[in-house]
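Student: Chain residues, written in single-letter form:
Number of protein chains: 2
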Amino acid sequence: MNRLHKIAINLVFLLTTCIAFAQEKIIIKNTDDITQDATAYVLNKVQNANSIKGSHFFFEKGVYHFYPDKGLEKFCYISNHKDVFVKTAFPLIGKKNIVINGGGSTFIFHGKMIPFLVEDGNNIKIKNVEIDWATSFHSEGKVIDKDLKEHTFDVKFSEEYPYEIRNEQVYFIKEYYEHNLGQTILFDEKRRAVAFNTEISTPISTKQKGTVQYQIESINYKYTQDRKDLTLRKIGLKDRIKVKEIKPGVLRFYNHKKALPPIGSILTTKGAQGENRVAPALRIKNTDSFLCQNVTIFNAGGMGLIAENSSNITLTNLVITPSKGKVVSTTADATHFVGCRGKIEIRNSFFENQLDDAVNIHGTYQEVVNVEGKHTLGIRMGHHQQEGFIIGKENDTIGLVRLDDSFSPYQTLTIATIKVINSRYQLITFKEEIPAVIKSGDLIENLSAYPEVVIEKNTFRGNRARGLLLSTPKKTLVKDNYFHTEMEAILIPVESGKWFESGSQSNLTIVGNIFEDCNHGGHSRGLIRLVTDDDNQNYAFSNITIENNIFKSFDNLILEIANTDGLKFIGNTILKTETFPMLYPDNPAFRIKSSRDIIFHNNDYKGNASQIIQKDVTIGELSFQ
Amino acid sequence: MNRLHKIAINLVFLLTTCIAFAQEKIIIKNTDDITQDATAYVLNKVQNANSIKGSHFFFEKGVYHFYPDKGLEKFCYISNHKDVFVKTAFPLIGKKNIVINGGGSTFIFHGKMIPFLVEDGNNIKIKNVEIDWATSFHSEGKVIDKDLKEHTFDVKFSEEYPYEIRNEQVYFIKEYYEHNLGQTILFDEKRRAVAFNTEISTPISTKQKGTVQYQIESINYKYTQDRKDLTLRKIGLKDRIKVKEIKPGVLRFYNHKKALPPIGSILTTKGAQGENRVAPALRIKNTDSFLCQNVTIFNAGGMGLIAENSSNITLTNLVITPSKGKVVSTTADATHFVGCRGKIEIRNSFFENQLDDAVNIHGTYQEVVNVEGKHTLGIRMGHHQQEGFIIGKENDTIGLVRLDDSFSPYQTLTIATIKVINSRYQLITFKEEIPAVIKSGDLIENLSAYPEVVIEKNTFRGNRARGLLLSTPKKTLVKDNYFHTEMEAILIPVESGKWFESGSQSNLTIVGNIFEDCNHGGHSRGLIRLVTDDDNQNYAFSNITIENNIFKSFDNLILEIANTDGLKFIGNTILKTETFPMLYPDNPAFRIKSSRDIIFHNNDYKGNASQIIQKDVTIGELSFQ
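Chains as they are written, first to last, in the UniProt record's numbering: chain A, 1 to 625; chain B, 1 to 625.
These are calculated hints, taken from the structure and not from any lab test.
A portion of the hints provided could be inaccurate.
Which copy is meant is left open, so a pair is good if it fits within one copy or across any two.
DSS-like, lysine-lysine: derived pairs with alpha carbons at most 25 Å apart [claimed, not checked]:
id, residue 1, residue 2
1, Lys247, Lys209
2, Lys222, Lys74
3, Lys238, Lys209
4, Lys457, Lys53
5, Lys576, Lys615
6, Lys25, Lys479
7, Lys96, Lys29
8, Lys593, Lys25
9, Lys82, Lys45
10, Lys209, Lys61
11, Lys156, Lys234
Work the whole structure out from these sequences, hints included.
Tutor: So, in structure tokens, the structure goes:
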């Protein structure tokens with residue numbers, strides 16, 4: 001073989017290699033026949049995308065509509081959502097090395113669709129796109145009048161929110177969807193944020209007890225039932241609130257339980273809890289390496305992003321904000337992570353006006369039902385929004401937990417296999433024998449499925465509920481963020497009885513953040529709050545550092561600490577604002593119980609609290625510095 | 001090798017062969033730890049059943065309970081049912097050569113379970129078992145009083161039917177389930193059958209028009225929507241009927257639209273149409289060779305048996321009857337067959353008091369939406385209870401139908417592949433090119449998926465609706481059966497606009513049957529009725545023979561014929577009964593339109609009709625003989 005021949009062979013090899021590894025580029029053109037309903041066209045391209053070499057989808061800048069009629073349908077168990085059939089044009093399922101580059105386009109979805117459905121993927125990137133729906137999953141109207149004597153109030157809805165009144169109940173009619181009044185909260189139009197002290201007026205109590213019952217008590221169940229599931233929860237409740245149309249677009253609300261809402265405030269409604277989370281914008285499951293960059297989400301029937309059992313998720317320049325003068329963006333959390341591992345990074349993002357938390361990161365507790373043989377446990381999902389969730393995979397370390405005794409597992413086991421029997425019940429087989437001490441009602445959590453977290457340079461504002469909910473023992477950094485939230489800016493919980501969200505936060509650093517008038521919704525809570533719902537003195541949290549932050553607050557309570565072993569509060573500045581009247585002037589600045597090794601050092605307190613630190617007997621000498 | 005050695009080797013071979021082909025026998029013991037909830041135990045055995053050699057499950061005689069809590073969950077698109085997640089202990093999926101022999105046992109199911117879920121099977125037999133539910137999917141109470149002035153009536157429900165009244169609406173609460181009033185009909189307790197002339201009192205109109213609407217008309221859809229689907233159908237309707245508890249167990253019904261029901265009659269209720277068919281007793285799909293023998297079904301939340309896309313189904317000694325003094329058995333059809341082929345045989349069976357037809361055999365029409373390339377059609381399911389139905393398989397012959405022009409296909413095509421996009425929309429690729437004349441709105445039907453039928457020596461009585469609905473062009477024999485049904489004993493339809501059930505019956509012989517006081521519910525219809533819902537003079541039905549039957553009827557109309565080319569009515573006896581007063585004394589005995597080649601011969605008419613035959617101009621000379 002001569003030299004030329006050799007070079008030729010090498011060239012051929014090189015070319016073949018390049019082609020083999022080159023990501024296929026698919027350009028979607030901004031033409032009428034595509035944009036008017038891009039669903040079938042895009043779906044076909046996505047389903048045929050090369051899953052080995054990978055595919056780069058590039059959309060010419062434009063407005064693309066997606067309708068469900070020709071969308072791929074898939075049933076999804078989605079954590080913290082209703083389990084639903086949804087339709088999508090982007091089933092990124094079992095795909096590798098995919099880039100969806102919107103090229104600055106706007107994607108308008110119609111009805112119960114999931115814009116991006118990512119499952120069993122690897123290296124998936126979604127970039128440069130705005131996501132909105134033709135009709136929103138919520139409705140909003142302005143409070144224009146009230147009658148103190150009759151205790152009624154009137155709300156005006158614009159033509160954007162068609163409704164129908166059936167038997168004194170209002171139903172907001174959307175494209176392919178409708179919602180009843182359900183969950184409500186007030187917004188302040190000027191501040192473009194949840195209204196101050198909304199909790200005295202909302203949520204509206206739509207239901208009340210007092211049905212006529214006959215022989216209901218004769219129905220007994222052999223096994224534990226979730227009385228809050230979508231069937232059983234109806235029992236014993238009837239409609240409380242009644243509405244009447246005063247003139248087209250104006251509804252009068254009768255039989256409201258709480259204080260009348262202020263005139264000028266915006267009443268937002270999204271339908272019944274459990275029924276109203278049907279179409280998150282991004283659903284990520286069993287996926288490794290996911291990037292979301294320069295994406296704007298204006299609305300969603302649920303969360304902006306829900307990630308489950310995935311690893312290494314990066315969100316950068318993700319914007320969640322209302323569209324077209326509305327006050328509400330997504331109808332649930334901006335982002336939510338369940339059972340994720342590796343690293344979660346959220347940077348340079350802006351989450352505002354969504355109807356639930358900005359970020360929630362946790363694992364799951366599942367309940368032990370029975371022992372099936374030496375190695376197998378029957379376990380049960382506690383919450384109906386965790387139906388179908390699979391806690392882990394082979395070789396993951398499962399902790400057996402009895403929260404009455406300790407927040408830490410009393411023993412660990414290694415997963416061999418998991419067999420899903422139904423949405424509530426699974427059989428988990430372990431490599432080791434099940435310990436004899438186990439009993440039904442014990443919990444399991446996956447110790448292998450907690451992520452490291454970096455949340456840096458983001459803005460969290462205007463939304464209902466919390467900023468961050470953190471429940472991972474791994475290294476967590478919350479740095480240089482801005483918070484203006486209705487409830488706690490940062491909540492560190494251990495919660496087992498209602499949501500079954502696991503994870504005892506440790507190794508957390510909160511540094512360089514600005515907290516401005518958080519927790520203005522009406523609750524008496526700390527802006528940062530470490531709390532367990534188990535009334536004991538065990539330690540749940542450790543190695544917490546809160547350093548060099550600025551707390552600007554209209555009210556007193558800054559930090560609540562419970563069940564914590566080791567917390568440093570150093571170099572922080574606390575300032576009093578006049579944005580709102582104080583709600584709880586008797587509160588201290590710091591409330592501490594069942595904790596040890598709590599250090600205050602080098603802080604600058606310019607607040608109003610007459611008592612700086614309030615603590616229980618478990619804590620020894622402690623001075624604010 | 002000596003002779004003994006050879007014999008030994010042969011023996012070993014023989015034994016091995018026998019073992020290899022012997023069906024494994026699995027005995028389920030009647031012990032407390034199994035029978036109290038047999039679900040997990042049986043499920044495990046069924047899932048591990050040998051699918052090649054086959055398995056014979058034998059239950060020791062006893063009462064076995066099955067609970068959903070540990071049942072296998074599966075989502076099922078079920079034709080003519082709600083598409084649901086159901087649980088089962090018998091997922092006979094992808095199995096061959098299975099016998100389930102109940103050994104005379106009773107299986108009691110709890111909640112939304114499918115007792116036997118048979119899919120993708122071959123040679124499946126279910127024998128010697130009684131199927132019931134712990135709490136029924138319907139409710140029934142006795143009309144005990146009425147007030148003519150206030151137009152109210154009172155119904156007493158026994159302790160077996162717990163209920164709750166929420167905002168003047170009654171909800172019947174079951175184990176794991178509830179139903180509202182929804183669909184209702186009266187039964188006659190003494191006759192153990194649907195009440196005479198029930199149609200003047202029922203169904204109760206639970207809904208009425210007259211909602212307050214705002215901007216609803218602004219919601220426009222790009223594509224055709226099914227306004228009867230479970231979301232859109234709510235628009236424009238509110239509750240009409242109101243109930244009030246007079247004393248425990250006794251409900252007064254206000255605002256009833258029709259005549260008050262007779263005192264002493266039994267009001268049965270099963271919840272809203274579309275929501276109330278969630279758990280048929282036997283679900284058979286994509287299965288060849290299914291036998292059901294000596295099986296009794298006392299109740300089901302839906303049909304007794306629903307078979308789809310299956311072939312060679314034999315039902316023998318199948319009994320469908322109410323349990324424990326109830327008047328209702330299954331809440332929908334006794335049996336129903338969609339897109340089946342081969343042979344359907346129903347013999348020596350007894351179907352009574354179910355809330356819909358005894359037997360319905362048909363194919364499906366699907367609507368042409370668009371042409372996608374030379375060989376591919378986008379098609380759409382017309383009815384929401386056909387969602388997910390796949391019309392055929394490779395090499396099946398599909399007919400293109402335009403019913404305005406003809407009941408017969410204008411062209412046929414051969415299926416290559418079917419791609420399911422969503423529950424309403426599929427892409428069917430054909431081996432031939434799509435003809436240019438096709439247009440959206442045309443229908444397709446599968447000409448390969450019609451069965452031969454034998455229905456012999458059965459009793460059909462006491463139920464709501466029809467006896468037989470037949471829509472197959474293949475040879476069909478209806479012989480030696482007894483009919484006592486609320487509507488037509490035998491309905492031969494072509495129906496495209498509502499249910500999208502295809503098939504123009506031909507080659508039908510109805511011989512040796514007794515029809516006794518059928519169609520007593522109140523409609524003016526023939527006991528046997530050939531009818532199309534397309535108002536044209538084309539021929540849909542041919543080669544029909546009705547011979548040597550006995551019609552005993554309180555009313556005049558015996559036979560209605562339309563769009564028929566060739567019908568012989570020979571050797572039949574028509575007798576007048578005094579069971580009920582006549583409802584339509586002016587009706588003829590025979591009504592014929594748009595037909596030809598109709599022959600009456602050798603019949604014995606002892607009825608009351610002053611006009612024997614009423615016919616339109618399409619038919620020439622015709623005399624009753």
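Student: Decide, hint by hint, whether the structure agrees.
Tutor: Okay, the hints, checked on the actual structure:
1. Taking the shortest Cα distances, Lys247 and Lys209 sit within 25 Å of each other only across copies (20 Å), while inside one copy they are farther apart (31 Å).
2. In this assembly of identical chains, Lys222 and Lys74 lie within 25 Å of each other by CA distance solely across copies; the values are 22 Å between and 33 Å within a copy.
3. Taking the shortest Cα distances, Lys238 and Lys209 sit within 25 Å of each other both inside one copy (6 Å) and across copies (22 Å).
4. For the identical chains of this complex, Lys457 and Lys53 are neighbours neither inside a copy (34 Å) nor across copies (64 Å), given an alpha-carbon limit of 25 Å.
5. Taking the shortest alpha-carbon separations for Lys576 and Lys615, only the intra-copy value of 22 Å comes in at or below 25 Å, while the best inter-copy value is 94 Å.
6. In the homo-oligomer, the alpha carbons of Lys25 and Lys479 never lie at most 25 Å apart, since the shortest distance is 37 Å inside one protomer and 66 Å across protomers.
7. In this assembly of identical chains, Lys96 and Lys29 lie within 25 Å of each other by CA distance solely inside one copy; the values are 23 Å within and 50 Å between copies.
8. Taking CA atoms no more than 25 Å apart as the test, Lys593 paired with Lys25 passes in neither setting, with 58 Å inside one copy and 64 Å between copies.
9. In the homo-oligomer, the alpha carbons of Lys82 and Lys45 never lie at most 25 Å apart, since the shortest distance is 29 Å inside one protomer and 32 Å across protomers.
10. Taking the shortest alpha-carbon separations for Lys209 and Lys61, neither the intra-copy value of 53 Å nor the inter-copy value of 46 Å comes in at or below 25 Å.
11. In the homo-oligomer, the alpha carbons of Lys156 and Lys234 lie at most 25 Å apart only across protomers (24 Å), although the nearest pairing inside one protomer, at 30 Å, exceeds that limit.
In summary, the numbered hints that this structure violates are 4, 6, 8, 9, 10.
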